[in-house]
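J.: With the sequences and hints as input, model every part of the structure.
If you count by my numbering, then the sequence shown holds residues -3 to 531, one letter each, in order.
Where hints are given, some of them may not hold.
Claimed, not checked - No farther apart than 27 Å at their CA atoms in a straight line, the calculated lysine-lysine pairs in the DSSO-like style are these:
1. K523 with K378
2. K312 with K378
3. K321 with K293
By construction, these hints were calculated from the structure, which means they are not laboratory data.
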Amino acid sequence: MEKTGMFEGLNVIEALADRALGRLEGHLERDQIELYDLAFIAAETTAAREALQMIEQSDPNDQPLLIQLANVFVAEVIVNSMQRLQLRQFRYGLSARDFPADLMEHAARFLSSDYLSEVGRAVVLAGGALPTVGLDDERALIRDTFRDFATRVVMPRAADVHRGDQIVPDEILLPLREMGCFGLSVPQRFGGLKPDDHEDSLGMVVVTEELSRGSLGAAGSLITRPEIMARALLEGGTPEQQARWLPRLASGESLCAISVTEPNTGSDVASVSLRATAVADGWVLNGGKTWCTFAGKADVILVLARTNTSVQPPHKGLSLFLVEKPSHDGHDFEYVQPGGGRVTGRAIATLGYRGMHSYEMFYDDFFVPNANLVGGANGEGKGFYFTMRGFMGGRLQTAARACGLMQAAMEASIAYASQRRVFGQAVADFPLTLAKIARMAAQLSACRHFTFAVARLMDQDQGQMEASLVKLLACRVAESVSREALQIHGGMGYAEETSVSRYFVDARVLSIFEGAEETLAIRVIGKALLDRRRG
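T.: Okay, here's the thing in structure tokens:
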């Protein structure tokens, strides 16, 4: 199946998925299982198209491997999608004759043991360094700079941060400040690196991936929170708020956290209940938040709170606040204001993603001045919209984080399998190992180039749907890749002293934060697919 045949195969899958959507009646609750499957089909087929299209833009010297990687990925997408659709064919109004008999046969050619071994061997010989398409000289230089930083500075400290459950050390934070890392999403007029006249999501994606390759917990998420806060302030902040906070974010003088999730609402942002009550000269916060990453170290927290309990729909009663507090390095903190208001935080013990710490927080009559209501008086009731604008780039960044983790896991697997010998030969010489590595590389390459494509869309103020698709796919794939990386290491993969054990537990959080997998698949992607079909 050549490139044209690959596209034709994807056309068949997408047409069948569209027919399946037509059989659903738009009940998000009742059709959860179907929408979940169809969301993954949409994510995988969109990524597969990008994997094929980017070949035309590649260096001729890179094309042989890129073509092989695309063949493997697209073939697996076709097989997996066909199986999902066939499983529920009666629910979707499909029959056996709707599934071309030769489609699976064509796809299977690129999943044969010989083909996978050939691709895996090429990836091993390259040391896991896969061809990258779509970066200009400037962004390639940025990638190389941060890759070097991750290798020299982050990786040597990553194990200690993880095993000791430490906060991100200054040895990582301070150089990143000097490199301007925290200003990637702040316009140049406010002291950042982002051009004033256009976005540069691709540059941010490249940096995020390389830092995540070093360590997801100790470096990979450091620029996500400043990006969310910067986007929210640029969308709705007053000129005074922008002038005060954006330069401080850009320089790293202020470290920030984002506080949206609550114990009883989870991903249901519109149901936020933390209460903000108007008082003289400001507001008083009362209630709890959870999973507030980096809240201890941060000296300003962007907090979504309810300022109106009666307005309908409920999300119109939410407002966004800038909560200032001292920075704390510990697992627990308490800050009492001169007037008696209090905020406390407790770091939640987690399997992985250590370094930034995620906190459970409680506010007790905590005072916030009017000047810290995002948007001022005109911003009251608009917090949901400002927050969503901030999160728009968060999903894309999370996909980039997944790619960085996958790259690290694959590199570690190739290095170990190449030197480890069993039954008289290197583990990397076994067909099954080569097949695993081929699949890992194919999935990573597809997700990386899909991420690049979405970044370019977002720079044109498009791509919100695609950002959800790439986040859904890349985070799930990262779990698979890190699992195979651990398996290739055998018993040593289960040892904490081995990096792949950290990659494995770190990967698990990716499908949970920045939009839980189920919420993203059903309520965001599934709903959008239904709405799109209805016009």
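J.: Each hint needs a verdict: does it hold in this structure or not?
T.: For each hint, the structure was consulted:
no.	hint	in the structure
1	K523 with K378	holds, 23 Å
2	K312 with K378	holds, 6 Å
3	K321 with K293	holds, 10 Å
Checked against the numbered hints above, the structure breaks none of them.
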